[in-house]
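K.L.:
Whenever a hint applies, use it, and build me the whole structure from the sequences.
Here are the chains, one letter per residue:
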Amino acid sequence: MDHFARLGLPAALDLEPAALDKAYFTLQRQWHPDRFVAKPPEQRAKASTEAAALNDAYRTLKDPLSRAFYLASLKGVEMPADGKTIDDPDLLVEAMDAREELHEASSVAEVDALASFAREDLQKALAGLPSLFLANDKAAIRKTLLRLRYLDKFAEEARSRRANLANLTDKRGKA
Amino acid sequence: MTLLEIYEPGETPLPHAGEGTLAVGIDLGTTNSVVAIAREGVPAALHDETGKALVPSVVGYPSAGGLVVGEEARLLMAREPRNVVASVKRLMGRGASDLHTVAGVLPYEVEPGTGQTDMVKLRIGGKARSPVEISAEILKALRARAEAALEKPVERAVITVPAYFDDAARTATRDAARVAGLEVLRLVNEPTAAALAYGLDKGSEGLYAVYDLGGGTFDFSLLRLEKGVFQVLATGGDTALGGDDFDRAIAERLLAERKRDGLKDLVDEGAVKNALALARQMKEQLSDRDRTSGRLELGGKPSFHALASGEFEPMIAAHIERTLEIARHVLADAGMTADDIQGVVLVGGSTRVPLVRAEVAGMIGKPALTDIDPDEVVALGAALQAEALTGGGPQGEEGTLLLDVTPLSLGLETMGGLVEKVVPRNTPIPVQLAQEFTTYQDGQTAMAIHVVQGEREMVDDCRSLARFELTGIPPMTAGAARIRITFAVDADGRLTVSAEERTTGVAQRIEGRPSYGRSQDDMADMLYDSLDNAEADMTRRLLAEARVEARRNLLALEAALDKDGGLLSSEERAALDVARARVEAAIAGEGRDEINAAAEALDALSKPFAERRMDRGIREALSGLSMTDLQERVGE
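Protein chains in written order, with my numbering: chain A, 8 to 182; chain B, 65 to 700.
Check each hint, because a few of them may be wrong.
To be verified - Using 30 Å as the maximum straight-line C-alpha spacing, the simulated DSS-like pairs for lysine-lysine come out as follows:
no.: 1; chain 1: A; residue 1: 53; chain 2: B; residue 2: 185
no.: 2; chain 1: A; residue 1: 150; chain 2: A; residue 2: 131
no.: 3; chain 1: B; residue 1: 485; chain 2: A; residue 2: 82
no.: 4; chain 1: B; residue 1: 291; chain 2: B; residue 2: 430
no.: 5; chain 1: A; residue 1: 46; chain 2: B; residue 2: 291
no.: 6; chain 1: A; residue 1: 29; chain 2: B; residue 2: 291
no.: 7; chain 1: B; residue 1: 337; chain 2: B; residue 2: 185
Derived by calculation from the structure, the hints in this document are not laboratory data.
P.N.:
Next comes the structure, spelled out in structure tokens:
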């Protein structure tokens, strides 16, 4: 059973957070192991498996990015495994330039600016996805998802770079 | 196929066992413990005959024989300090490797454990006793108090643990309950229990924060409340931060004032203890007035000290700022801001300090919820959960449902000492997540599996939970085997790891037990280190990855050379060997760019060889993954 079906939701990119929560809470009320404390072992095992599957489904669908990746995989879009080299030359150039800028950024403000650009880009790319899914344009979906994955990672890197810079400034301040 | 069960056999509650007896909630604290019961959704702490709810978490073995727990044991401490144990919770699930963190802090002898588990033992009252055994004595006393108050047998309980308690500490807590004759219905995280006490009381909905500042630990959790569902969104903390730090700050000031006044003190353990006792008293007095004073006598020389709130507050501001910083990290983890928070629940005695209340309220922008006694709130929440689990209280749509999360990431060691996270922190539990791994060398038949917990990128910086070996993998080319490793975390937050080779379905069962290991303090440190060290980690990770990648390609090339070396002229072979040696040398060094440069040079040089192999391969039918690897490299 796919994650959408498990939660009784239509397999769509557009998902109301409140509808997702409602479906998830209702099913967890039914299956959470706390409801099976005094039940026979086989029922408890079944509840545990169901609750775990619900948690997996909820976690996957809650985040818009992970939901988009999951839906793409259901639609048969082949993605390179996480951590593999970027195979899109345009994106490769963009990524290298951005990482260099991040590496050279010497203040928290500069890092913040880069991160905020990345976040804007991410939102834009996410907003463009539904029409691609509608057109079932697998190549374009793949290209956009790859870029989204990169932007997400970049935001993470910016966050750690920021923490490091802030730390350095802190220590200098104290010295 | 289960390879490793980090789980104690024989503790699973029997169905229908203990029905008809009462289920209580227990806050098994570091300093004090509380037992409570809920009836029809109304919880109450159980008091002793003098009206006290708090039971000091102290166990004494008097020289005259027998055993005392609680207040009596605390009184015994003055007379027979070597026969009394306090703060045993700090040792739950800790191993010999933790001794450095507790040695010197605790006033009794600690010795490494022996036999199956590595948990430390305490030499107390002339006998080695385990923390599980000592905690069980506290639980027995709580059980006896409950049975006396309720006039009914009590055999089942919900016990609270810090959100940061790791697998070993959770298992040790369950063990202690079993020794005390209590069936544990569920281990509930302390902040979750506190929210439970408030949530049901108020029927509140929305996002709530729990700020728990005890004597020595700090926890911050974000929970969403909706129609009886308590969903933990994120949690974080520091197990070496609390009210004890405030006491120390005041005590240092007291000793400095004496020195300034020309008193020459011998600052020994006794002097520090006395100064700390006065410091604590002054701190507590400042909770309801603006200034206080006290008298300190050391070595027969008295001194008088005054302290105003305006002086005290700057002394503790940095500690409070640290708690707010952790709170901000937790908010960021959940993708929330302070504006999203509806209210904040205060737990722990240290939240009585007015500056703590003010700063927390200031950060959240709303006044803190304080109407339940912060010392009892955790036990009250546990009691409510105990009632809910035993079929009492509101049911169905009205009933309470707790959806908790994993506090720390769980993962596996991969090549080069890197950690591959399988279950990220703040994942809702129960959960079952799997990841596929593969072999690294041609013909590899065994794989070492090392389970770790923590946020850092390198294995050495995380906590090791267990190691085992998967053997009997059928020999295949490198990368062909598909080994699926599954992590299952149950509703108590305990982990089971299983593995399976997917191409052939190799099944081999191996069981393991938790390696009682590092301390809770280390866990909090590990989490916050990971934020501080993220960039350094990334550099190390990239270096380690470059090494792994280069080594993999060397192996693939070696295999190809063994098979088709004849396709090369002796000059070509010699040039290739030089390039191979350069890669080896670069791998031994610390430069990622050097490794990549040498690997690229080798790639370029081996390209004609790969092409010739390809030509031959078309004739002979392509075989083996090493060949494919080589092609992929060249194709990049």
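K.L.:
So, for every hint listed, does it hold in this structure?
P.N.:
Here is how each hint holds up against the structure:
Of the pairs offered as hints, the one joining residue 53 of chain A and residue 185 of chain B is violated, with about 39 Å between alpha carbons and a cut-off of 30 Å exceeded. With a CA separation close to 14 Å, the supplied pair residue 150 of chain A and residue 131 of chain A stays within the 30 Å bound. Between residue 485 of chain B and residue 82 of chain A, the direct Cα distance comes to roughly 27 Å. Compliance with the 30 Å bound is thereby established for this hinted pair. As the CA atoms of residue 291 of chain B and residue 430 of chain B are separated by approximately 22 Å, the hinted pair is consistent with the 30 Å bound.
Between residue 46 of chain A and residue 291 of chain B the alpha-carbon distance is near 25 Å, which keeps this suggested pair within the 30 Å criterion. Taken as a hint, the residue 29 of chain A and residue 291 of chain B pair is honoured in the structure, with Cα atoms around 10 Å apart against an allowance of 30 Å. A distance of roughly 25 Å separates the Cα atoms of residue 337 of chain B and residue 185 of chain B; the hinted pair therefore holds under the 30 Å criterion.
Violation of the numbered hints given earlier is confined to hint 1; every other hint is satisfied by the structure.
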